[in-house]
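Number of protein chains: 4
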Amino acid sequence: MASETAPTTGPTDTDAQTRRPRVAVVGASGYAGGETLRLLSGHPGVEVATVTAHSSAGKRLSEVAPHIDLGHDPVLQETSVETLSGHDVVVLALPHGESGRIAAALREEYPDVLVLDLAADHRLESAEDWAEYYRSEHSGTWTYGMPELPLADGTRQRELLRTAREIAVPGCNATAVSLALAPLVRKGLIDHQVLNAVLPVGYSGAGRSAKQHLLFSEASGTAAPYAVGGSHRHVPEVLQNLRRASGLTREDGLRLTFTPVLVPISRGILAVCTAPVTDGTTTEDLLAALNEDYGDEHFVTVLPEGVFPATGEVTGANTIRIGAAVDRHSGQATVISAIDNLVKGTAGAALQSMNLALGLPETVGLTRTALAP
Amino acid sequence: MASETAPTTGPTDTDAQTRRPRVAVVGASGYAGGETLRLLSGHPGVEVATVTAHSSAGKRLSEVAPHIDLGHDPVLQETSVETLSGHDVVVLALPHGESGRIAAALREEYPDVLVLDLAADHRLESAEDWAEYYRSEHSGTWTYGMPELPLADGTRQRELLRTAREIAVPGCNATAVSLALAPLVRKGLIDHQVLNAVLPVGYSGAGRSAKQHLLFSEASGTAAPYAVGGSHRHVPEVLQNLRRASGLTREDGLRLTFTPVLVPISRGILAVCTAPVTDGTTTEDLLAALNEDYGDEHFVTVLPEGVFPATGEVTGANTIRIGAAVDRHSGQATVISAIDNLVKGTAGAALQSMNLALGLPETVGLTRTALAP
Amino acid sequence: MASETAPTTGPTDTDAQTRRPRVAVVGASGYAGGETLRLLSGHPGVEVATVTAHSSAGKRLSEVAPHIDLGHDPVLQETSVETLSGHDVVVLALPHGESGRIAAALREEYPDVLVLDLAADHRLESAEDWAEYYRSEHSGTWTYGMPELPLADGTRQRELLRTAREIAVPGCNATAVSLALAPLVRKGLIDHQVLNAVLPVGYSGAGRSAKQHLLFSEASGTAAPYAVGGSHRHVPEVLQNLRRASGLTREDGLRLTFTPVLVPISRGILAVCTAPVTDGTTTEDLLAALNEDYGDEHFVTVLPEGVFPATGEVTGANTIRIGAAVDRHSGQATVISAIDNLVKGTAGAALQSMNLALGLPETVGLTRTALAP
Amino acid sequence: MASETAPTTGPTDTDAQTRRPRVAVVGASGYAGGETLRLLSGHPGVEVATVTAHSSAGKRLSEVAPHIDLGHDPVLQETSVETLSGHDVVVLALPHGESGRIAAALREEYPDVLVLDLAADHRLESAEDWAEYYRSEHSGTWTYGMPELPLADGTRQRELLRTAREIAVPGCNATAVSLALAPLVRKGLIDHQVLNAVLPVGYSGAGRSAKQHLLFSEASGTAAPYAVGGSHRHVPEVLQNLRRASGLTREDGLRLTFTPVLVPISRGILAVCTAPVTDGTTTEDLLAALNEDYGDEHFVTVLPEGVFPATGEVTGANTIRIGAAVDRHSGQATVISAIDNLVKGTAGAALQSMNLALGLPETVGLTRTALAP
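These protein sequence lines map, in sequence, to chains B, Y, R and D.
Positions 1 to 373 (full-length UniProt numbering) are the ones given, in order, by the first sequence.
Positions 1 to 373 (full-length UniProt numbering) are the ones given, in order, by the second sequence.
Positions 1 to 373 (full-length UniProt numbering) are the ones given, in order, by the third sequence.
Positions 1 to 373 (full-length UniProt numbering) are the ones given, in order, by the fourth sequence.
By construction, these hints were calculated from the structure, which means they are not laboratory data.
For each residue, glycine too, the CB sits at the ideal point set by N, CA and C.
Treat the hints with care, as some may be off.
[As the list claims (entries may be wrong)] Here are the simulated lysine-lysine pairs, DSS-like style, with alpha carbons at most 27 Å apart:
#	chain 1	residue 1	chain 2	residue 2
1	R	Lys59	Y	Lys59
2	Y	Lys59	Y	Lys211
3	R	Lys59	R	Lys211
4	Y	Lys211	R	Lys59
5	B	Lys211	D	Lys59
6	B	Lys59	D	Lys59
7	D	Lys211	D	Lys59
8	B	Lys59	B	Lys211
9	Y	Lys211	R	Lys211
10	D	Lys187	B	Lys211
[Said to hold, decoys possible] Here are some chain R residues the structure puts well away from chain Y; computed CB gaps all over 10 Å:
#	residue
11	Arg20
12	Ala57
13	Asp153
14	Glu284
15	His298
16	Thr363
17	Thr367
Construct the entire structure; sequences and hints are all you get.
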């Protein structure tokens, strides 16, 4: 194959009517950026025009991500406002902080470009929450990229995304927990003051930077909790989502205990959420509430009674699968969701929101079929 | 090496004063039986005299467990009361039900032999609990083999084991949860009506029988919950332990939600236990309670504030490591314990109890050092 | 999502001109059948009309393969000539032997249907080879489904597939080794009498039947060779391919030592092939020969000098990646290829051949982009 | 447990007659150093007096290696000639180069101390080989720590170790290949000019430094070759061993093609070695030669005909298991060995040699029983 030949651009491509939106992916050598490119490689509605990186700038994409075939093999550019000019869409796959800085510069220069930020910088509306959990200055709040989130007024987050030009892509763990719990908190089926989530999670969520505790030999054969005791940064994001979904306020005592556990898988989050049920709530009630909110959602699968999801069922897919049960002995509900942290938890969510903001069909370039085994 | 030569038995071995107790391991081709043999291969105080199996009977040990070196390579015998005669100790590593049957026959024939049952048959004191969770007839209640369990009267379970001739070895998940929670329930530091445990667990706990969902290709890359919603058989066992530790009765509303999640490790259980704290309980209170009960325990390590265990730290060791914290936002305690399900959770616990019952030093043949990475 | 609704079939679908070919997949609950369905779920040119199984017949597809979304959720049928009637294409994903029997019955009844056999039954042309390696009666020889294989007459195997109605899909290991070595044996660059291949392979190649040595706990943490010493059934298949590619005959002493090693990955074959070079062969010669044969091949990537493939670069993709070097100290060539055994090694190869036989573009429904990490 | 209390030293310990040798382990925070400590924690004949590290100096051992229990929890010292004074044994677990420097300083100051170097610095006798493969200055040649290596004069390497004060511990891959091939090359059963070894290897062999390609997410699900084409540094070491074992000289054309493949296991090397057989060599001949050389070796297991080793059978053990067969079709021998790279390949080999040099029983502190599953 002639892998390094750039795609030929014929005259029809210059026709403004038919030209596909040009996308730049910033931070293409990391996992989130790479996954964005993987999905874009199969997206018929947009064109990957530019890819950038930091320490890998100057290399070809095939050197840092040999699994991706864009049809050509671009050289990774330095990340700058200049290299990002002339695009319709910019996807920022950077560490938080860096993301906020380049976003601010970019918005000033190119106010019309659609920017999607995969980092946390623009997710929280509360500057106090930001300061407490991220210990830096707040960059502002963008439209939250979780189309399926039911809102207290009966609409969906989806509607807000159709006109957005600045989209904050949700955190992966926050996605798994928020979508699992929102319908139940909305309906008052569980005690929102005693929410609990334990999340076996894969290593790709920790990024591609070389750190000792992420080495294969350290990770293999162990289950290792982190951020125990309340420090995880997705906690305020989940609570914000649950407030938006339910209309509860900060005074209503929404409280969540949140414990991620690294387990030796590359991709995947299993959110095991529990809470005492309110009087009389049954398994059927839980499933009815989930089906009511998600029955029409293309990328949400509510499982039948007695069936619970595993992360291996969603690898590479943009789906979230959710099962629920009430334990009659303990009086608690257990709601379990599974996602691929890099797809539904990151790059897939970004593309889904991008599709909405570009006026494309919401599902284009995304799949419900996973890779297994 | 001449691996098939039987060990020579010199004259001093025939001296009744110094003769080492003869041990039979029943079900040696499974994981629990194999692990018992692995540990016994390094135990200086007893002699492995007989190993038995079912479908593997007639094979040599090296064919079913090539990793074990007993100094000789015994042929696996059929399991029968006859092949088990003439031993001082019999360790039953059989599926529950089978275990109860052979135990009954054995006790009748050889009332003096020390029998340790690795299966569940003799753990529960309540025939009602047994009937509900195991759906078969109760085999009776043996002395529970968890030496470190603090009892409501201020003693330890250890004392009961010194004179026991029938020992029910605890369930692996039950060990991880019971030892983590007992000191806190005893002291009333957490709400015992809203206990919760989510346990990433390894595949060896599911045994060595060939089942599709245990295949490498099914297990690799996934986190898969099971027994969701209250059906796990270790629930009544944990509650029984917590009642013994605290003096609470069945009327006091001890309630536990329990969700194991299979993750792709062979060995290991990480018990992530949560519960609302009672008024004013701090992280220091949790750690003080744990240290008070376990400070002198050789095989229990209570970790310093801010440190939590991972299963990879205990692989092959007979230790349980425990960390704890109070989340000041959510008002919940998180207590996390890690064990090797085959050692502290099964075979190590058996040997520790056996040592007590034989009057040997409790720690002989067991190690606090794990294999890592 | 309304996952169990069958797709609506509008009037235009009945138009014979535009009707998509109807495909039946036999053995859909296994890995090869499942992977065929996974790929077909994204194939726009054909319709999955029927899926069958043996012990899983009567279940819905979502029960045995929850990762696949065909747009509807078919019930698995019993496998019989009747359930397979009325299709344009039948893909047999059965154990060898079973495959030959149903194929014979099917061909008799429906001589026009395109049948692809993923099993070994129809790969070998020599009944003697078949008898020696498979110890059963030979079922005959079908057109071999390896489009890229260069033939001694200067054509490709591709040409034979355009008119085939009976296609024997190659073995996965045979694909990895044959494509790596064929160009070099053709050109006489290596000593074809001292060929050697060692293949770290994943567990999915061993199928989904529950066998003890395939359990996660057995497989995790080990590298385990099998079929050592010449007994592997892909040996005669590779030699047949190399003869076809080179024009060498059985008298020319083609000889291959072949050692697969199970390693703890689900998917992937890395074929490490070595042979003494003939006089003066350099690394450049090896790469030139590979590029000459494969430069135009969409699904073959010949890597630059000094770069070698890893299986993680092809997971889910229909590509084979090949690197080569001459060791100047040892005088041997090392040629390494990587494939996904379930895609390029099985289901992807089947679809590629099906596309050719149906007159569709060869690459439709197949991708060069892999899933990583 | 009171883990930070230093061991009490009673009066008899001060008795020079019975004092246990004091050992210092240099580089205790890496995998080789950690494994040395793990094994020493169960070694009754020596005392771990000092542990040192570089970037981790100042931490307690439990912070960098929480799986090890020495009975006390030492603080890691800086590595210097001063901190290493007053010991009987110093084990250097450092990167090559660093190892040579500290060794030189140490020998000058304390000529009587027994030094074992786990790095490569002192393995090769040829300064030319060293220069070619390591591109630095040669540090000299120490006694090679492979007790079982048969020598051309009919003795074993063991004899040389009894009086050694400077021991170069072998490379892990070199151990697996050398012990597998030495008996066959000695007897002339295989063509020593066409030796080939492909080695699926685990990640712990690459060390504990944080590098991107060693991350779990990179390593999981892939088989990745490296050092392809002759550049691996263990090649000259293997050839040196085979010359010593056989009496062949550099002029005799010993040639080895050597390809390691990283596979997702932490520990383990499977050396798949092949070579054309010389006239008439049978499987029985191979096994007879192996048994002749290793029949009395405690840590070498030659497997029966038809049985081949897997790395999972030796995890944590100091054993090497070897199987062999002649492929009658291809005329090649396949000899496969399995070791734990950190034990028989590094720390176990070091302790075995140390035992010899200290006049202790060779096997003390080492085990033939592995951890499985």
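These are the hints, each one checked on the structure:
Restraint check for Lys59/R and Lys59/Y: not satisfied, since their Cα atoms lie roughly 39 Å apart, outside the 27 Å limit. With a CA separation close to 22 Å, the supplied pair Lys59/Y and Lys211/Y stays within the 27 Å bound. In summary, the hint linking Lys59/R to Lys211/R is supported, as the alpha carbons are separated by about 22 Å, within the 27 Å threshold. A threshold of 27 Å between alpha carbons decides the hint, and for Lys211/Y with Lys59/R the separation of about 18 Å falls inside it, so the pair holds.
Of the pairs offered as hints, the one joining Lys211/B and Lys59/D holds, with about 18 Å between alpha carbons and a cut-off of 27 Å not exceeded. Between Lys59/B and Lys59/D, the direct Cα distance comes to roughly 39 Å. Violation of the 27 Å bound is thereby established for this hinted pair. Between the alpha carbons of Lys211/D and Lys59/D the distance comes to roughly 22 Å, so the proposed pair stays at or under 27 Å and holds. Straight-line distance between C-alpha atoms of Lys59/B and Lys211/B comes to about 22 Å, which keeps the hinted pair within the 27 Å bound.
Annotation: proposed proximity of Lys211/Y to Lys211/R holds, straight-line Cα distance about 7 Å (limit 27 Å). Taken as a hint, the Lys187/D and Lys211/B pair is broken in the structure, with Cα atoms around 48 Å apart against an allowance of 27 Å. Arg20/R, annotated as away from the interface, keeps every beta carbon of chain Y farther than 10 Å; the closest lies near 31 Å. Against chain Y, the non-interface label of Ala57/R holds: every CB pair exceeds 10 Å, the least being about 16 Å.
With a least CB separation of 40 Å from chain Y, Asp153/R remains clear of the 10 Å interface cut-off, as annotated. Against the 10 Å criterion, Glu284/R stays outside the reach of chain Y, whose nearest CB is about 39 Å from its own CB. The non-interface label for His298/R is consistent with chain Y: the shortest C-beta to C-beta separation is roughly 28 Å, beyond 10 Å. Thr363/R, annotated as away from the interface, keeps every beta carbon of chain Y farther than 10 Å; the closest lies near 27 Å.
Once the 10 Å rule is applied to beta carbons, Thr367/R is consistent with being away from chain Y; the minimum gap is 19 Å.
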